[in-house]
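Novice: Mind docking chain B on chain A? Use the hints.
Chains A and B are the protein sequences, given in the same order.
Letter by letter, the first sequence follows residues 989 to 1118 of my numbering.
Letter by letter, the second sequence follows residues -5 to 111 of my numbering.
Since the hints were made in silico from the structure, they are not lab data.
All values reported here derive from a predicted model rather than from experimental measurement.
All C-beta atoms in this analysis are idealised placements derived from N, C-alpha and C, irrespective of residue type, glycine included.
Treat the hints with care, since some could be wrong.
Among the chain B residues that face chain A by a calculated CB cut under 7 Å, a handful are [unchecked claim]:
id: 1; residue: Met(-5)
id: 2; residue: Lys(-4)
id: 3; residue: Glu14
id: 4; residue: Ala18
id: 5; residue: Gly22
id: 6; residue: Tyr64
id: 7; residue: Leu107
Derived pair list, reagent style EDC-like, types lysine to aspartate or glutamate, alpha-carbon separation capped at 20 Å [to be verified]:
id: 8; chain 1: A; residue 1: Lys990; chain 2: B; residue 2: Asp17
id: 9; chain 1: A; residue 1: Lys1013; chain 2: A; residue 2: Glu1057
id: 10; chain 1: A; residue 1: Lys990; chain 2: A; residue 2: Glu1021
id: 11; chain 1: A; residue 1: Lys1060; chain 2: A; residue 2: Asp1047
id: 12; chain 1: A; residue 1: Lys990; chain 2: A; residue 2: Glu1082
id: 13; chain 1: B; residue 1: Lys52; chain 2: B; residue 2: Asp17
id: 14; chain 1: B; residue 1: Lys(-4); chain 2: A; residue 2: Asp1111
id: 15; chain 1: B; residue 1: Lys(-4); chain 2: B; residue 2: Asp106
id: 16; chain 1: B; residue 1: Lys(-4); chain 2: A; residue 2: Asp1105
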Amino acid sequence: MKFAIVVQGAPYSHEASLSALHFVKAVLDAGHEIYRVFFYHDGIYNASDLIVPPQDETDIRAEWLSLSETHKVELITCIASSLRRGLLNKAEAERYERNAANLNTAFEISGLGQLIDAGLAADRTVTFAA
Amino acid sequence: MKRILFTQSRPPHGGINAQEGLDAILMGSAFAECAVLFQGDGVYQLLKHQQPERLGTKNFASTFGALADYGVDQIFCIDEDLAKRQLGTDELVIPTIPIKQNTVCEFISAFDLVLDF
Chain A
989 MKFAIVVQGA
999 PYSHEASLSA
1009 LHFVKAVLDA
1019 GHEIYRVFFY
1029 HDGIYNASDL
1039 IVPPQDETDI
1049 RAEWLSLSET
1059 HKVELITCIA
1069 SSLRRGLLNK
1079 AEAERYERNA
1089 ANLNTAFEIS
1099 GLGQLIDAGL
1109 AADRTVTFAA
Chain B
-5 MKRILFTQSR
5 PPHGGINAQE
15 GLDAILMGSA
25 FAECAVLFQG
35 DGVYQLLKHQ
45 QPERLGTKNF
55 ASTFGALADY
65 GVDQIFCIDE
75 DLAKRQLGTD
85 ELVIPTIPIK
95 QNTVCEFISA
105 FDLVLDF
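The shape of chain A in the complex, shown without the other chains (with noise of 0.2 Å):
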């Protein structure tokens, strides 16, 4: 079964990360198909390769960066969140004139229509709010 993932908490604010991430890896390992995972609203903030969590507590990056790397999981974060909350590529630091960009090199900014795209693609939506 194909599954697409929303995730709308930020990292550390709210469990809906590491809910999220618990849930991609148990669909991973039931055998199904993560189609894609979209980030929104605080979401975004998952994407952010400035996170440094204290040594004790779970690194939520790290895990991010794992999935992408093994399982070539698609995470997305939607442009609009994005912008308005500080999380820029190289390219969208260029378009706007500022002086740094970053995001995790597993993610990717794009459109809202990545999320109804995904959607309507996957046999079942979860959404992990905040």
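Specialist: Leaving out everything else, chain B in the frame of chain A:
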């Protein structure tokens, strides 16, 4: 064609869910047949005479009036949620179709995709 239901479940200006939810509805209308259900405190999103500019937040309530131009003309509200808040449909910026609380589960299950904001 697949059918998407957007549920707008939160009040308009305490958080950005309502505004980003509306963005998602507009995008969804380009892909599929869309309906919107306002439930719980989400019904406040449709109130007339909002003045969020005074808070420095965007007045997006007027955009609900454009939904019909995007082909989104199935707008629902839960009867009891309006009544609990002493709101009448004449106080809302767009016409809505009232549905009863006890039919909501059946109503939602008729859609292919449900996105909640």
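Novice: So, for every hint listed, does it hold in this structure?
Specialist: A quick look at each hint next to the structure:
1. Met(-5): violated (10 Å)
2. Lys(-4): holds (5 Å)
3. Glu14: holds (6 Å)
4. Ala18: At 6 Å from the nearest chain A Cβ, B/Ala18 passes the 7 Å test, so the hint holds.
5. Gly22: Cβ of B/Gly22 sits 5 Å from chain A, so the hint holds.
6. Tyr64: Cβ of B/Tyr64 sits 13 Å from chain A, so the hint is violated.
7. Leu107: holds (4 Å)
8. A/Lys990 with B/Asp17: violated (25 Å)
9. A/Lys1013 with A/Glu1057: Answer holds: A/Lys1013 to A/Glu1057 is near 13 Å, not above 20 Å.
10. A/Lys990 with A/Glu1021: Answer holds: A/Lys990 to A/Glu1021 is near 5 Å, not above 20 Å.
11. A/Lys1060 with A/Asp1047: holds (19 Å)
12. A/Lys990 with A/Glu1082: Answer violated: A/Lys990 to A/Glu1082 is near 36 Å, above 20 Å.
13. B/Lys52 with B/Asp17: holds (13 Å)
14. B/Lys(-4) with A/Asp1111: holds (12 Å)
15. B/Lys(-4) with B/Asp106: holds (6 Å)
16. B/Lys(-4) with A/Asp1105: Measuring from Cα to Cα gives roughly 11 Å; hence the hint holds.
When the structure is compared with the earlier hints, violations turn up for hints 1, 6, 8, 12 and for no others.
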